[in-house]
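Visitor: Listed here are the chains, written in short residue letters.
Number of protein chains: 2
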Amino acid sequence: MKLIQQIAMTLLAMIPAHAGITQTLSPREVPAKAIPVPGTVSPEIQKQIAAPLTPTWNVIPTTADGWREQVAAGALAAEKGIPALLKKLNVRVEPTVIDGVKAFIITPETIAEENKNRLLIHVHGGCFVSSPGLSGTVEGIYMAGLEHVKVISVDYRMPPDHPYPAALDDAMTVWSATAKTHDPKKMAIFGSSAGGNLTLAMVLRAKRDKLPLPAAIAPGTPMSDLTGTGDSFQTNSMLDNVLVASGASCDQRAALYTNGHDLKDPMLSPVYGDLSGFPPTILTTGTRDLLLSNTVRVHRKLRNAGVPSTLQVFEGQSHAQYYRDINAPETKEAFDEIGMFFNQYLAR
Amino acid sequence: MKLIQQIAMTLLAMIPAHAGITQTLSPREVPAKAIPVPGTVSPEIQKQIAAPLTPTWNVIPTTADGWREQVAAGALAAEKGIPALLKKLNVRVEPTVIDGVKAFIITPETIAEENKNRLLIHVHGGCFVSSPGLSGTVEGIYMAGLEHVKVISVDYRMPPDHPYPAALDDAMTVWSATAKTHDPKKMAIFGSSAGGNLTLAMVLRAKRDKLPLPAAIAPGTPMSDLTGTGDSFQTNSMLDNVLVASGASCDQRAALYTNGHDLKDPMLSPVYGDLSGFPPTILTTGTRDLLLSNTVRVHRKLRNAGVPSTLQVFEGQSHAQYYRDINAPETKEAFDEIGMFFNQYLAR
Chain A
1 MKLIQQIAMT LLAMIPAHAG ITQTLSPREV PAKAIPVPGT VSPEIQKQIA APLTPTWNVI
61 PTTADGWREQ VAAGALAAEK GIPALLKKLN VRVEPTVIDG VKAFIITPET IAEENKNRLL
121 IHVHGGCFVS SPGLSGTVEG IYMAGLEHVK VISVDYRMPP DHPYPAALDD AMTVWSATAK
181 THDPKKMAIF GSSAGGNLTL AMVLRAKRDK LPLPAAIAPG TPMSDLTGTG DSFQTNSMLD
241 NVLVASGASC DQRAALYTNG HDLKDPMLSP VYGDLSGFPP TILTTGTRDL LLSNTVRVHR
301 KLRNAGVPST LQVFEGQSHA QYYRDINAPE TKEAFDEIGM FFNQYLAR
Chain B
1 MKLIQQIAMT LLAMIPAHAG ITQTLSPREV PAKAIPVPGT VSPEIQKQIA APLTPTWNVI
61 PTTADGWREQ VAAGALAAEK GIPALLKKLN VRVEPTVIDG VKAFIITPET IAEENKNRLL
121 IHVHGGCFVS SPGLSGTVEG IYMAGLEHVK VISVDYRMPP DHPYPAALDD AMTVWSATAK
181 THDPKKMAIF GSSAGGNLTL AMVLRAKRDK LPLPAAIAPG TPMSDLTGTG DSFQTNSMLD
241 NVLVASGASC DQRAALYTNG HDLKDPMLSP VYGDLSGFPP TILTTGTRDL LLSNTVRVHR
301 KLRNAGVPST LQVFEGQSHA QYYRDINAPE TKEAFDEIGM FFNQYLAR
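In order, the protein sequence lines correspond to chains A and B.
306 is the number that this note's numbering gives to position 306 of the first sequence; each next residue is one higher, with no gaps.
52 is the number that this note's numbering gives to position 52 of the second sequence; each next residue is one higher, with no gaps.
Honestly, I wouldn't trust all of these hints.
Which copy? The list can't say, so a pair holds if one copy fits it or any two copies do.
As the list claims (entries may be wrong) - Below, in silico cross-link-like pairs of lysine-lysine (BS3-like), each with a Cα-Cα straight-line distance of 30 Å or less: (1) Lys-332 / Lys-301; (2) Lys-47 / Lys-102; (3) Lys-301 / Lys-207; (4) Lys-33 / Lys-150; (5) Lys-47 / Lys-80; (6) Lys-150 / Lys-80; (7) Lys-33 / Lys-47; (8) Lys-87 / Lys-150; (9) Lys-33 / Lys-264; (10) Lys-102 / Lys-210.
What the hints contain is simulated information worked out from the structure, not anything from laboratory work.
The structure presented is a predicted model; accordingly, all values stated were derived computationally and were not measured.
Construct the complete structure from the given sequences, taking the supplied hints into account.
Guide: Here it is as structure tokens:
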């Protein structure tokens, strides 16, 4: 096994630096490491950190049907855990259709007094291709159940059948419709990974189209830069056990979404957008997250645009591990921070 | 190259996570990497990222005189840049003695209207051993000059002659004295690295001794845990080009300070302290910082104690690189964030 590792390292070292990276400056040579599971996190997060790399992290189907099969298998696995989650959190999920777009209404048994008139719009992750249907509601269920607030989760269209801008169009349809029947000052948008990208892109689109903006947003570890730029794509490569490495499955799925469009278009890579006038924003990431850089870059860009923006970074966590285990205390911490942030900025 | 990458990743995926290591939880095997300088930061920060490892990062003198020589050489180098810095920022520095403790009064030519009655106490970094005298004032000069506020920088006693608690005693002497002649509601404490440790320890000590607390604090990349615990000691090892690795020079210097005391004593490792009742706190770090974990751990602990606390993380930066180049736009960003934070929480 040592030999395989050495060959692999040698081959990786042969890969030239990314486009957009300064070639004249010396790279940092970092030796191979065996990094232990830290003792500074809960046993539940330790278990996630100790888990092997996502089995499909670099399994790339070569046909549309191949992708559909992989997505269906992932969705089936995710859906298995949902009944127990709903029971534990006292939440119910009902499918609906809003102006032709599929969505789920997620309602906790108890809605907090301050949230009676509030509504959150959730856009799920899954690298723009995974987590269709019910399987995409998990993060929305966490939010509804932990923060006692009503959530609508958008079941947006996805590749291989529906590339950009289908997902964003669907999310905007739901936003426009709900912002008519609800006061947008009492609404927020949230979602992680591809959902973080879409959350940011929705605000850019709402700005462009002069639609009402939400009162706050919570993009979690957003795929804010689809050009492959961001230092942690390198520094946390093979350390993050969820996305694992740049150019692997998640990026291949994102490529089905971008489908030949200019990757620097802010609707695809929101970090390149004009973030002035954005609503207050809370961002969440982890120290081992492959998207650590692309979360903090958005944070800095928002702050430089004068937007009230808060950053929370969780010790040892890889990509979006803050909503993988309802029993992890860090999970409740992450959602409570977002809940408090929304409570601060949303009208009642 | 794409093919090579795929082969490398496939081979890596074949390596069992626990190869050859017997532990309850499997460590993460991360291959060697050559990590380019990111294109996502200013040219000034790129230059810092591209710099070789600190030449003395693992040069450990074996005698007290050896340390004194190394410290003197470092101080001489740092002091060389100070006259130009003072000129650029229109700041003057005067030595003083406060209740027997050496300090520097740092005064900008223009004090901002809102800062007329405010005073900041600065505790410098240098792993508890380095940056004596004028050489320890650099961060204080940045703050005074960029934020137009008066600063007193404590020139606390250090090992090898004066181990713990001399530095903390000196800092507290200055705090107690100045909090009598100034309104502590108009005062803040700040400092990076060992200065971040001391900033946190000062508040713990003030709490313990029922002294007035500052209105806000800004511990930058604090050495909050001297026990060697914190995931980024491993994940950012050999990536951070300032501290470089756990157990190296900085930790050896810290050991001269702790000098046999219990490392888990919160006065030495403030992350283990009771942080309830702390004043609003702004923390600063970088994605490549060896102390990234020990910065975010303090942030989470403060938030869980209900303390208003803000975290800023700079793309690509190693330990405390936010005050190494006055021309880097990220330097002004970092200090402006702290300045705005102080302005929010300090009385006028």
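Visitor: Give me the numbers of the hints this structure contradicts, sorted from smallest to largest.
Guide: Result: hints 2 and 4 break, sorted rising.
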